[in-house]
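Q: Sequence:
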Amino acid sequence: RPAVLDTTGRRLSYGKTLVSAIALADEIDRTGDTNEKIGVLMPSSVAGLLVNVALTIAGRVPVNLNFTASAEAMASAIRQCNMKTVVTSRAFVEKLEGIVLPEGAVYLEDIVPRISGGAKIAALLKALFAPMSALCKYRVPGADDVATIIFSSGSTGEPKGVMLSHHNIISNIEAFRMLLHLEPQDRMCGILPFFHSFGYTCSMWCPLLSGFFAAFHPNPLDAGKVADLVRDEKLTVFLATPTFLLGYIRKAKKDDFASLRILVVGAEKLKKKVADAFEERFALRPREGYGATELSPVVSLNVPDVDIAGVKQPGTREGSIGHPVPGVHVKVVDPDTMQPVPEGQQGLLLVKGPNVMLGYLGNPAKTAEVLKDGWYNTGDIARVDEDGFVFLLDRLSRYSKIGGEMIPHIAVEDHYMQALGAVTPVIYVTSAPDEKKGEQLIVFYTQEAGEVEKLQGIIADADIPNLWKPRKENYFKIEALPTLGSGKIDQKRLKDLAVKSVEQRAAGVPASLDRKVAG
113 RPAVLDTTGR RLSYGKTLVS AIALADEIDR TGDTNEKIGV LMPSSVAGLL VNVALTIAGR
173 VPVNLNFTAS AEAMASAIRQ CNMKTVVTSR AFVEKLEGIV LPEGAVYLED IVPRISGGAK
233 IAALLKALFA PMSALCKYRV PGADDVATII FSSGSTGEPK GVMLSHHNII SNIEAFRMLL
293 HLEPQDRMCG ILPFFHSFGY TCSMWCPLLS GFFAAFHPNP LDAGKVADLV RDEKLTVFLA
353 TPTFLLGYIR KAKKDDFASL RILVVGAEKL KKKVADAFEE RFALRPREGY GATELSPVVS
413 LNVPDVDIAG VKQPGTREGS IGHPVPGVHV KVVDPDTMQP VPEGQQGLLL VKGPNVMLGY
473 LGNPAKTAEV LKDGWYNTGD IARVDEDGFV FLLDRLSRYS KIGGEMIPHI AVEDHYMQAL
533 GAVTPVIYVT SAPDEKKGEQ LIVFYTQEAG EVEKLQGIIA DADIPNLWKP RKENYFKIEA
593 LPTLGSGKID QKRLKDLAVK SVEQRAAGVP ASLDRKVAG
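113 is the number of the first residue of the sequence shown in my numbering; add one for each residue after it.
Honestly, the hints are just simulated from the structure, not real lab data. We put the CB at the ideal spot given by N, CA and C, even for glycine. Some clues are possibly wrong.
With beta-carbon atoms standing in for the labels, derived distance ranges [said to hold, decoys possible]:
| id | residue 1 | residue 2 | range |
| --- | --- | --- | --- |
| 1 | Leu236 | Gln559 | 55 to 65 Å |
| 2 | Arg617 | Gly486 | 37 to 47 Å |
| 3 | Asp257 | Asp526 | 43 to 53 Å |
| 4 | Glu517 | Lys365 | 46 to 56 Å |
| 5 | Ile227 | Thr428 | 46 to 56 Å |
| 6 | Ile361 | Gln425 | 24 to 34 Å |
| 7 | Gln559 | Gln530 | 14 to 24 Å |
| 8 | Val205 | Val252 | 11 to 21 Å |
| 9 | Lys346 | Arg617 | 18 to 28 Å |
| 10 | Pro577 | Arg617 | 22 to 32 Å |
| 11 | Pro114 | Arg397 | 26 to 36 Å |
| 12 | His278 | Thr143 | 15 to 25 Å |
List time: in silico DMTMM-like cross-link candidates among lysine to aspartate or glutamate, alpha-carbon distance up to 20 Å [unchecked claim]:
| id | residue 1 | residue 2 |
| --- | --- | --- |
| 13 | Lys381 | Asp367 |
| 14 | Lys600 | Glu560 |
| 15 | Lys381 | Glu430 |
| 16 | Lys607 | Asp575 |
| 17 | Lys584 | Asp497 |
| 18 | Lys589 | Glu563 |
| 19 | Lys232 | Asp334 |
| 20 | Lys607 | Glu591 |
| 21 | Lys589 | Asp497 |
| 22 | Lys513 | Glu547 |
| 23 | Lys366 | Glu392 |
| 24 | Lys443 | Asp485 |
| 25 | Lys548 | Glu563 |
| 26 | Lys424 | Glu498 |
| 27 | Lys607 | Glu184 |
| 28 | Lys548 | Asp485 |
| 29 | Lys548 | Glu585 |
| 30 | Lys381 | Asp506 |
| 31 | Lys238 | Asp138 |
| 32 | Lys464 | Glu481 |
| 33 | Lys207 | Asp334 |
| 34 | Lys589 | Glu547 |
| 35 | Lys607 | Glu380 |
| 36 | Lys383 | Glu560 |
| 37 | Lys381 | Asp497 |
| 38 | Lys581 | Glu547 |
| 39 | Lys196 | Asp222 |
| 40 | Lys128 | Asp138 |
Required output: the full structure, derived from the provided sequences and hints.
A: Next up, the structure:
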């Protein structure tokens with residue numbers, strides 16, 4: 113039965129996938145590294161999948177490193193894991209810049225040729241007859257043991273090592289599969305990186321454990337290749353982010369996505385204009401979900417409506433992030449008192465369920481901050497309507513307290529975006545310290561947003577409180593809004609730049625327009 117393929121042309125059945133992973137696990141074990149945590153630096157591909165499966169079979173903990181992050185972020189992940197070995201590909205590493213690997217880097221180009229014919233036969237026999245305990249040379253994992261460590265995106269600070277258990281991941285897969293009615297005949301398009309929890313759980317392990325086919329391409333921004341893959345392989349399930357959809361809307365042909373029956377997007381807010389544009393072009397409406405690395409990742413999801421004998425149950429509500437997935441509970445509380453708020457009112461979103469992480473690697477204090485009585489503090493502001501649909505408003509960190517009032521950055525951004533008719537982000541609102549009022553709003557804008565006088569006029573005419581209106585001197589033009597590998601805007605980078613810009617202005621240093629902070 114076909115299991116996986118990628119755009120390098122490699123195609124494996126389920127049997128060959130298992131045998132290849134066992135043989136690779138044996139060879140990796142021969143490196144002599146006794147550390148539980150093994151790094152993986154590979155793109156979304158058959159090879160990347162095999163390395164992850166091999167390490168899991170061997171009872172190790174694969175740690176997929178974010179190759180789109182800064183050198184400092186990757187070094188932090190390696191240091192936090194006390195990592196001695198990173199499995200990678202020399203051909204892949206040569207395409208990356210500024211990557212510093214541990215001395216124990218293991219290259220697939222070196223170890224794969226060492227797998228002899230006898231080793232392949234031994235792997236086949238193990239696949240057919242050996243019990244799991246014979247395969248797991250390092251340890252036989254339990255349900256609550258660490259399955260992987262995924263480092264947070266770093267969009268709001270230094271990456272944190274999120275420890276996810278086998279139970280976390282499998283429970284999330286079961287809920288995801290149940291809601292989307294995934295069947296053996298389905299065929300998934302896997303473009304999300306494995307260092308992203310959505311990619312790791314839902315693009316890689318979900319197809320493998322559910323018995324359906326998956327096709328991988330390493331670059332989700334390569335719209336032409338992705339469209340070809342979906343069309344040629346007649347893929348039916350697609351997981352992406354709103355940012356990636358914009359490229360497909362521009363470059364893919366109308367019939368390229370005709371085989372798709374469901375498209376799920378997450379990692380960032382799905383704008384109505386993007387959803388409308390995609391549906392108009394491809395006759396398929398994206399369904400928005402919500403999750404977090406700490407939650408394995410899926411928390412809620414918009415799904416097709418259910419109609420049984422005339423009894424209808426809505427599964428989707430425009431603007432929402434759907435209902436919580438089976439087994440997952442949410443509640444909305446007052447950020448100050450942590451007491452539940454009345455239905456329909458906004459507050460801090462807490463999540464509880466089998467998908468909640470074990471904790472942060474080596475950081476019990478930070479774990480205790482976000483986990484209390486089994487409830488995970490998402491740091492997101494949300495509300496739940498009378499039908500149980502969850503509406504995500506913004507990150508708590510993206511609110512500024514000015515003159516005693518909480519100002520939502522995203523609401524200010526929306527006034528600009530709507531007036532400009534923009535689909536892609538061209539404006540970002542953040543904040544910097546202010547001696548008199550505590551904080552001040554800072555606006556970063558790109559060339560596509562137009563001249564600063566136009567932007568100032570938009571907000572001056574907006575029917576919003578004066579405290580919501582950024583001061584004229586607080587507009588800064590940049591080359592492009594920087595993003596992370598997941599497609600999210602790099603909030604920390606822009607926050608740091610806002611603080612630096614205000615400090616330089618106070619010191620009399622001229623502001624530099626067209627700041628090159630893209631990517």
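Q: For every hint, state whether the structure bears it out.
A: Status of each hint after checking the structure:
Range check, Leu236 to Gln559: about 58 Å between beta-carbon atoms, so the 55 to 65 Å window is met. A hinted range of 37 to 47 Å for the beta carbons of Arg617 and Gly486 is consistent with their spacing of about 46 Å. Checked against the hint of 43 to 53 Å, the pair Asp257 and Asp526 passes, with Cβ atoms roughly 44 Å apart. At about 49 Å, the CB distance of Glu517 to Lys365 agrees with the hint of 46 to 56 Å.
The beta-carbon spacing between Ile227 and Thr428, approximately 48 Å, falls within the hinted interval of 46 to 56 Å. In this structure the hint that Ile361 and Gln425 lie 24 to 34 Å apart at CB holds, the actual value being about 31 Å. Between Gln559 and Gln530 the C-beta distance comes to about 19 Å, which sits within the given range of 14 to 24 Å. Between Val205 and Val252, the C-beta spacing of about 32 Å breaks the proposed range 11 to 21 Å.
Distance hint for Lys346 and Arg617: a CB-CB separation of about 56 Å, inconsistent with the stated range 18 to 28 Å. Roughly 25 Å separates the CB atoms of Pro577 and Arg617, a value that falls within the hinted 22 to 32 Å. Between Pro114 and Arg397 the Cβ separation comes to about 29 Å, which falls inside the hinted range of 26 to 36 Å. In this structure the hint that His278 and Thr143 lie 15 to 25 Å apart at CB holds, the actual value being about 24 Å.
Only pairs whose Cα atoms come within 20 Å are accepted, and Lys381 paired with Asp367 is rejected, the gap being roughly 26 Å. The hinted pair formed by Lys600 and Glu560 meets the criterion: a straight-line CA distance of about 19 Å does not exceed 20 Å. Distance hint between Lys381 and Glu430 is fulfilled; the C-alpha atoms sit about 12 Å from each other, no more than 20 Å. Note on Lys607 and Asp575: the hinted pairing is violated, with a Cα-Cα distance of about 26 Å set against a maximum of 20 Å.
The hinted pair formed by Lys584 and Asp497 fails the criterion: a straight-line CA distance of about 38 Å is larger than 20 Å. In summary, the hint linking Lys589 to Glu563 is supported, as the alpha carbons are separated by about 9 Å, within the 20 Å threshold. Taking the CA atoms of Lys232 and Asp334, the gap is about 35 Å. The hint is violated against a cut of 20 Å. Distance hint between Lys607 and Glu591 is fulfilled; the C-alpha atoms sit about 16 Å from each other, no more than 20 Å.
In summary, the hint linking Lys589 to Asp497 is not supported, as the alpha carbons are separated by about 38 Å, beyond the 20 Å threshold. Pair hint Lys513 plus Glu547 holds up; C-alpha atoms about 13 Å apart against a cutoff of 20 Å. Distance check on the hinted pair: Lys366 and Glu392 sit about 10 Å apart at the alpha-carbon level, within 20 Å; holds. A hinted pair counts as satisfied when its Cα atoms are at most 20 Å apart, and Lys443 with Asp485 qualifies at roughly 13 Å.
Between Lys548 and Glu563 the CA atoms are separated by roughly 29 Å; this puts the pair beyond 20 Å, and the hint is violated. The straight-line distance between the Cα atoms of Lys424 and Glu498 is roughly 16 Å, inside the 20 Å bound, and the hint therefore holds. Restraint check for Lys607 and Glu184: satisfied, since their Cα atoms lie roughly 18 Å apart, inside the 20 Å limit. Using a Cα cut-off of 20 Å, the hinted pair Lys548 and Asp485 is violated, with the two alpha carbons roughly 39 Å apart.
Taking the CA atoms of Lys548 and Glu585, the gap is about 16 Å. The hint holds against a cut of 20 Å. At most 20 Å may separate the alpha-carbon atoms for a hinted pair to count; Lys381 and Asp506 meet this at roughly 9 Å. Between Lys238 and Asp138, the direct Cα distance comes to roughly 11 Å. Compliance with the 20 Å bound is thereby established for this hinted pair. At most 20 Å may separate the alpha-carbon atoms for a hinted pair to count; Lys464 and Glu481 meet this at roughly 15 Å.
At most 20 Å may separate the alpha-carbon atoms for a hinted pair to count; Lys207 and Asp334 meet this at roughly 16 Å. A threshold of 20 Å between alpha carbons decides the hint, and for Lys589 with Glu547 the separation of about 24 Å lies outside it, so the pair is violated. In summary, the hint linking Lys607 to Glu380 is supported, as the alpha carbons are separated by about 18 Å, within the 20 Å threshold. With a CA separation close to 18 Å, the supplied pair Lys383 and Glu560 stays within the 20 Å bound.
Our distance criterion of 20 Å between C-alpha atoms is met by Lys381 and Asp497, whose separation comes to about 18 Å. Note on Lys581 and Glu547: the hinted pairing holds, with a Cα-Cα distance of about 18 Å set against a maximum of 20 Å. A threshold of 20 Å between alpha carbons decides the hint, and for Lys196 with Asp222 the separation of about 17 Å falls inside it, so the pair holds. For the hint pairing Lys128 with Asp138, the CA-to-CA distance comes to about 15 Å; that is within 20 Å, so the pair holds.
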